[in-house]
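Enquirer: What follows is each chain in one-letter form.
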Amino acid sequence: MDALMQFIFSGLTVGAVYALVALGFTIIYNASDVVNFAQGEFVMLGGMITVFTFEAGLPLPLAALIAIFVTSAVGVALNKLAIEPARGAPVVSLIIITIGASIFIRGAAQIVFDKQLHRLPSFSGDEPIHMLGATILPQSLWVIGGALLVFVGLYLFFTRTLTGKAVLATANNRLAAQLVGINTGFMMTLSFALSAAIGALAGVLVTPITLVGYDIGVALALKGFAAAMLGGMGNPKGALAGGLLLGLFEALTAGYISSQYKEAVAFIVILAVLFVMPQGIFGEKKTERV
Amino acid sequence: MKLTTALTTLMALGLATGAGAEIRLGASLSASGGAAFLGDPEAKTLEMLVEEVNAAGGINGEEIVLTLYDDGGDPNKARTFATRLVEDDEVVAIIGGTTTGTTMSVLSVAEDEGIPFISLAGAIQIIDPVRDYVFKTPHTDRMACEKIFTDMQTRGISKIGMIAGTDGFGASMEAQCKDVAGDHGIEILVAETYAPQDADMTPQLTKIKATEGVQAVLNPGFGQGPAIVTRNYAQIGLDLPLYQSHGVASDGFIELTGVEAAEGVRLPGTALLIADILEDGDAQKPVVMAYKTAYEAKYGEAVSTFGGYAHDAFRLMVDAIARAGSDDPDEIRDALEETRDLVGTTGIYSFSADDHLGLNLSAFRMLEIRDGAWTSID
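If you're matching them up, the sequences are chains A and B in order. Counting from 1, one number per residue, gives the positions in the first sequence under the UniProt record's numbering. Counting from 1, one number per residue, gives the positions in the second sequence under the UniProt record's numbering.
Mixed in with the good hints there might be a few duds.
Said to hold, decoys possible - Just so you have them, the derived chain A footprint on chain B, three or more residues with Cβ under 8 Å:
| no. | segment |
| --- | --- |
| 1 | 30-36 |
| 2 | 104-113 |
| 3 | 186-195 |
| 4 | 205-211 |
| 5 | 231-237 |
Please keep in mind that the hints were generated in silico from the structure rather than gathered at the bench. Since the structure is predicted, the reported quantities are computational estimates derived from the model, not experimental observations. We put the beta carbon where it would ideally sit given N, CA and C, even for glycine.
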């Protein structure tokens, strides 16, 4: 029983990390159908910038704000310099552009920052919290809380605000959106800025747990992408559920079967789910007009 | 006829300047890419030492010219660069091969062309079987395992759990440790793994905790994995002795782990890591202090074990070239093999015809982290 609780806590911690990354995919995907593979790099930038400004002597909250702001600016630059010029290109080409951008950002981070690993102090100390015979670190609660908060924020954004609906409309049909007076160019810029900000926030929250280095983005983006696919791409509910489920699969496999197979089992489950529900658990069925 | 004479004279002149004024050294290191944290300090170390030796008059009055390529950790590039070093840059010796992968590509070129080559990578396969022209400076994973198991024996530990990274380093060391455990009367009761980028290892550690009879835990790995393992170890309240590998023997590890979680962790490291607390009589003290001071003054960052490997390779090479009194690759090779008691940062090297690593277990110091600092417990 104690062991089970420990596995679940571990799964929730790791799952919340995946969920935060997966949530970042949501906005850009909703605005443009593009899966932004530079999302992991936004997470990395969030972590790295916070670490470096924090070490330069700024208080942690301010350092985190600067990191989120700068990363948003990088997101906007990515849209202006790489995505917008290729506006007419098919989605696949745009996705490939984001892969290129991720390699570029990684290379630049290596030069601007360094090639070492870094860590931030935990926000509320390192004393583990004992619950139900198992332990969880306070930082894990921050990450889980952060994921929930971003989820609620996104959910409200897409369902309750005009801007959120305008973003959805832009993805749905760009021409029609323009005809009803939506500034689609601005919606794209906004979506990149918000996605980058969510990525950076994820970076700030997870750095005390996962540590940060210039190359952590790839693995995070892959897991976040898998989580988003599992839950249903573009749906904040799906990103949250997908991330937590993926984390739990991994932890339970490591605990009860073998740590050798944990990634394999997690991905087999994803394949099985996608086989039955190709849109993911919460994905909406798309009907294409012929 | 006249033309031929002119050409011959020109060639003779060219050869004379080539052989008389400078010694050409080559290096292919992974200063960028995944192994950059190894290759970067290595490249910086070589550049610094070449400057230093040249400023002091070179080797027997001849200046060293270093051609350094960055292979980015890619074995294919390493092979191309090795060939270029030999054919275009006409180097007389090569240092490099940051990783075992890149070393293996450089190695075949060095062997084919008969160029002495000192590798900076860990795997035992590089020098076992012994190859004519190939040497290496880092100790092997196997030696690290043996050092750890010897320490466990003296503490009366015979049953352990192991948790290893699935990256190349972790997997290789895990296999070597399993191989030599029996020789030291160590029984591995449970063996877990984690992927190099994993964020939480509490499930694996919980399993080890629940295994009856485990007296200590060994974690072969490098990068962030061992730091997270150590933090999770403290989190779930495992109070058995924890052993890490030489892969994380740097101050960065304590920083990443946090002082509290790192308390009591033991690992085999080199003299360089504890330069400040080495006893004054220690043979390695002057060498490690000189390197540490120079490196930290020049680059403003802490020295690492990995830069130390490059330091030792360079010193070995310079020593061999000086003793050979020539820049003929074969003579340098022979001189290298005759190296006796050369004091490096990693250990004290003595090569022989059947040992191209030249270190023994005494090169490792068993270290323990106490109050966020290293202490030697040998």
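Enquirer: For each hint, tell me whether it holds in the structure or not.
Expert: Comparing the hints with the structure gives:
no.: 1; hint: 30-36; verdict: holds (count 3)
no.: 2; hint: 104-113; verdict: violated (count 0)
no.: 3; hint: 186-195; verdict: holds (count 4)
no.: 4; hint: 205-211; verdict: holds (count 3)
no.: 5; hint: 231-237; verdict: holds (count 5)
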